[in-house]
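A.B. asks: Sequence:
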Amino acid sequence: MHFLKFLASIFQYICIMRTKDTTAKKKDAVNEVSTQDQIYIKGARVHNLKNVNVSIPREKLVVVTGVSGSGKSSLTMDTLYAEGQRRYAESLSAYARQFLMRMNKPDVDYIKGICPAIAIEQKVITRTPRSTVGSMTEIYDYLRLLFARAGRTYSPVSGKEVKKDEVADVVDYIQKMPHGSKVQIIVPFRQHAKRDAKEELNILLQKGFSRLFAKDDEGVGKMLRIEDLVEEKKPKLPKATFVLVDRIVTKDFEEDDIHRIADSIQTAFYESEGECILEIDSKEEKRFSNKFELDGMLFEEPVPNLFSFNNPFGACPTCEGFGQVLGIDEDLVIPDKRLSLFENAIAPWRGEKMSEWKEAFIRAAKKFNFPIHKPVGDLTDEQYSILWKGNEYAEGLNDFFKMVEQNLYKVHYRVMLSRYRGRTTCPTCHGGRLRPEALYVKVGGKNIAELVDMPIEKLKVWFDGMELNEYQQQVAKRILIEVNHRIKTLLDVGLGYLTLNRVANTLSGGESQRIQLTRTLGSNLTNSLYILDEPSIGLHARDTHRLIGVLKELRNLGNTVVVVEHDELMMEEADYIIDMGPLASHLGGEVIFEGTYPEILKDPKSLTGNYLNGTMRIDPPKVTRKWKKSIKVEGARQHNLKNIDVEFPLGIFTVVSGVSGSGKTTLVKQILYPALMKIKGEFTERVGRHKAITGNIDDITQVEMVDQNPIGKSSRSNPVTYIKAYDEIRDLFSKQPLSKMRGFQPKHFSFNVEGGRCDSCKGEGEVIVEMQFLADVHLTCETCGGKRFKEEVLEVTYKGKNIYDILELGVDEALEFFKDEKDVCNKIRPLSDVGLGYVKLGQSSDTLSGGEAQRVKLASFLGKGKAQGHILFIFDEPTTGLHFHDIKKLLASFNALIEQGHTILVIEHNMDVIKSADWLIDLGPEGGEGGGNLLYEGIPSGLSKVKESYTGQFLK
Numbered sequence: 001m002h003f004l005k006f007l008a009s010i011f012q013y014i015c016i017m018r019t020k021d022t023t024a025k026k027k028d029a030v031n032e033v034s035t036q037d038q039i040y041i042k043g044a045r046v047h048n049l050k051n052v053n054v055s056i057p058r059e060k061l062v063v064v065t066g067v068s069g070s071g072k073s074s075l076t077m078d079t080l081y082a083e084g085q086r087r088y089a090e091s092l093s094a095y096a097r098q099f100l101m102r103m104n105k106p107d108v109d110y111i112k113g114i115c116p117a118i119a120i121e122q123k124v125i126t127r128t129p130r131s132t133v134g135s136m137t138e139i140y141d142y143l144r145l146l147f148a149r150a151g152r153t154y155s156p157v158s159g160k161e162v163k164k165d166e167v168a169d170v171v172d173y174i175q176k177m178p179h180g181s182k183v184q185i186i187v188p189f190r191q192h193a194k195r196d197a198k199e200e201l202n203i204l205l206q207k208g209f210s211r212l213f214a215k216d217d218e219g220v221g222k223m224l225r226i227e228d229l230v231e232e233k234k235p236k237l238p239k240a241t242f243v244l245v246d247r248i249v250t251k252d253f254e255e256d257d258i259h260r261i262a263d264s265i266q267t268a269f270y271e272s273e274g275e276c277i278l279e280i281d282s283k284e285e286k287r288f289s290n291k292f293e294l295d296g297m298l299f300e301e302p303v304p305n306l307f308s309f310n311n312p313f314g315a316c317p318t319c320e321g322f323g324q325v326l327g328i329d330e331d332l333v334i335p336d337k338r339l340s341l342f343e344n345a346i347a348p349w350r351g352e353k354m355s356e357w358k359e360a361f362i363r364a365a366k367k368f369n370f371p372i373h374k375p376v377g378d379l380t381d382e383q384y385s386i387l388w389k390g391n392e393y394a395e396g397l398n399d400f401f402k403m404v405e406q407n408l409y410k411v412h413y414r415v416m417l418s419r420y421r422g423r424t425t426c427p428t429c430h431g432g433r434l435r436p437e438a439l440y441v442k443v444g445g446k447n448i449a450e451l452v453d454m455p456i457e458k459l460k461v462w463f464d465g466m467e468l469n470e471y472q473q474q475v476a477k478r479i480l481i482e483v484n485h486r487i488k489t490l491l492d493v494g495l496g497y498l499t500l501n502r503v504a505n506t507l508s509g510g511e512s513q514r515i516q517l518t519r520t521l522g523s524n525l526t527n528s529l530y531i532l533d534e535p536s537i538g539l540h541a542r543d544t545h546r547l548i549g550v551l552k553e554l555r556n557l558g559n560t561v562v563v564v565e566h567d568e569l570m571m572e573e574a575d576y577i578i579d580m581g582p583l584a585s586h587l588g589g590e591v592i593f594e595g596t597y598p599e600i601l602k603d604p605k606s607l608t609g610n611y612l613n614g615t616m617r618i619d620p621p622k623v624t625r626k627w628k629k630s631i632k633v634e635g636a637r638q639h640n641l642k643n644i645d646v647e648f649p650l651g652i653f654t655v656v657s658g659v660s661g662s663g664k665t666t667l668v669k670q671i672l673y674p675a676l677m678k679i680k681g682e683f684t685e686r687v688g689r690h691k692a693i694t695g696n697i698d699d700i701t702q703v704e705m706v707d708q709n710p711i712g713k714s715s716r717s718n719p720v721t722y723i724k725a726y727d728e729i730r731d732l733f734s735k736q737p738l739s740k741m742r743g744f745q746p747k748h749f750s751f752n753v754e755g756g757r758c759d760s761c762k763g764e765g766e767v768i769v770e771m772q773f774l775a776d777v778h779l780t781c782e783t784c785g786g787k788r789f790k791e792e793v794l795e796v797t798y799k800g801k802n803i804y805d806i807l808e809l810g811v812d813e814a815l816e817f818f819k820d821e822k823d824v825c826n827k828i829r830p831l832s833d834v835g836l837g838y839v840k841l842g843q844s845s846d847t848l849s850g851g852e853a854q855r856v857k858l859a860s861f862l863g864k865g866k867a868q869g870h871i872l873f874i875f876d877e878p879t880t881g882l883h884f885h886d887i888k889k890l891l892a893s894f895n896a897l898i899e900q901g902h903t904i905l906v907i908e909h910n911m912d913v914i915k916s917a918d919w920l921i922d923l924g925p926e927g928g929e930g931g932g933n934l935l936y937e938g939i940p941s942g943l944s945k946v947k948e949s950y951t952g953q954f955l956k
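The numbering of the sequence shown is full-length UniProt numbering, which starts it at 1 and goes up by one.
Don't take every hint at face value.
[Unchecked claim] With a Cα cut of at most 27 Å, we get these calculated DSS-like pairs of lysine-lysine:
{"hint": "1", "residue 1": "822", "residue 2": "724"}
{"hint": "2", "residue 1": "552", "residue 2": "458"}
{"hint": "3", "residue 1": "735", "residue 2": "819"}
{"hint": "4", "residue 1": "291", "residue 2": "358"}
{"hint": "5", "residue 1": "840", "residue 2": "747"}
FYI, nobody ran anything at the bench for these hints, they're computed from the structure.
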């Protein structure tokens, strides 16, 4: 009985456990379903994130927004992407992992539902001059394949196509001949230098040949038996002697006959080293060659490496594939193209002795009607060419420099030559980078150099209208699908004005990011996580909707697309929005809102929502500032600028707007800025083509280009040292009682000089281990634990914090901490004023984004006060990475500089900044060749009346 009760209790226990197990499995199944359609982040604490929990829906377009420093990048890049990368590295074998830098787990409890992660950041990813838009997007690789497989080679002498005859071509020719034709397959008889005729004939007998075919002077042919000739002591052969390979009478050939003919033709090609002759009915002669030659030239057969400027086989031998060489720089020889030849435009012809060359040219000029009083910049291409190359009447600049090179044993000639040398276009490939043989190959009538020099929008039109024969269509079918897909994406992301030959290191961060996006789309990956950092940077509002279309295409392939973005249109089109905040640095790091666009408009807690629904806004100034003085650029015609005259007012806030590629950067950064620097006697880059710069130039004491380049080349450079606030902090620490006891001076609190810094890492906080063939590994310094200073220096504190703790403070935290120290606060406050309150005082400069670096530079000028004269500040898209709230702060900083008596000139697409300007210059209407026109200059409100202006349409 007891035993039965015992069995019953065991059975009951098993049933209960099974029920529990089933319930647990059901719960797990529910959890599994919930993580299948979303990525769940729990307890993220990276940087300023405050134990954040957030769900990101999968296979959706998700926008993460919020003020600068609120934790957007910490959540997306430093948590989500870092964990995706770490898991990928962990999946590799132990052998592969030893070659990778150890990836630390981000400070997060767990992340569920994550998929392989790809980050596309707004950085110029390459500095090498060998990398181009074509190679970055992989379009150039497909073009190389297209030209190698479908290209036709044309002789530069006659323009005829170079063909190589195959055995099949000769067989087809014989089969198409009338029946009954008598055909002899012959090859020229060749006597080697070290053999006599008899020895050569013996060798032919050994090879199995029995007859020669000889022609007399009248062209009549006869057969000669080799055996008979060998018996003669010194056989005499006519000049036109051929070896008979085979004789055929044409008919409906059977398969065995065709095999025999093909073998004979193959033998003929082999014996003659590439030549086969058909003697037809003793009347006609048809020659075939399997050599790739024509017009006495031997051509290279097209292979992909022939079209690669990164391969020694295809690269131009003169410039080695760079497209530029060190030669005579035209801009140094003729520095001011507004002058005429008579007015001493040519710098090396100005001296007492060298002016003889100028006078000789002037005396001869009347013989060929050369305009000696016309400005050099206005000469026709033909006249300019004569000035350099000369003609039968006069010697030009090239002859002059040849003379200089012949006299280089004299010191003053060596000095003269060095004065006019610079980087110039390669004279061999004319910037095409390839060897001449590669340019003989054409597809659709164009060589590869002509295609890469076309703007992408024109290249699309050319590919659409390209005509190929049936064979070429079959070969190129797959290649053209890939090329057209990538070209379409480049157009969709607003880069139609670029050429494939554009060097990658001349691209802006936004352009570079959108090119990476093009390459990513070309790979057609699915079920991946794409994280993009502000892809709309540098993009006009007109093109943003096309970019959104590209991102949606990426999403529709089955990918999760997470975009860190402030653009209103992007948020409107997103499937899901995550708003970080409420403010920056220690006041941020929380998820303020998760949901859709209509929902964020109704959320009163969201700062972003308040700007989107109009509760908060950036109001344009009620009255625009008036101006009296200005600088005028006349006849600007660099790149796509159409000989325009533009006036830049002084003492006010001016914006230059227009679609991407309309000529804004060319006008401001390649003409105005270098021309003013040159006038001020500063070293500068080459000045773009223009007629003159006039106006109140003397009113400006200096010109400052506040660009997005890093604030310092050293990894020790940081915001607090750049704005000169660290000097005050070091002085403060040196005055503490413990410092006085130990004899510490301000230098002991510097990580740039020996004394107080850690001797092991030299104040870097980390040690770099060189890995020879792999990327260097950065390890935290074991001596100081990454704190950069010696232990005795770290023992000195101010209000409980040592010097390392101070460097770890955010700008806004530091302002609160140093509220009793006015000198320190006054130095640091400008960083907060420009929207950088979240940046750490000691944050390494190479971790700052381009927009952040630009605003640090702005803060350094704001902190200097008024005693600087009149500075012209030039900014290139300063709103990069800024939320609406931060743009408001930035505009206040601009106004502060103008109040100090300076001038602000900004290249910008942001409509809030454009509305806030005192004066607006709009270029366009399109990008590339369709741009370069001055559409409008005046107060911003007047632009909406200009119908051709896209900026005007959006301003409405």
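A.B. asks: Output the indices of the hints that this structure fails to meet, ascending.
C.D. replies: 4
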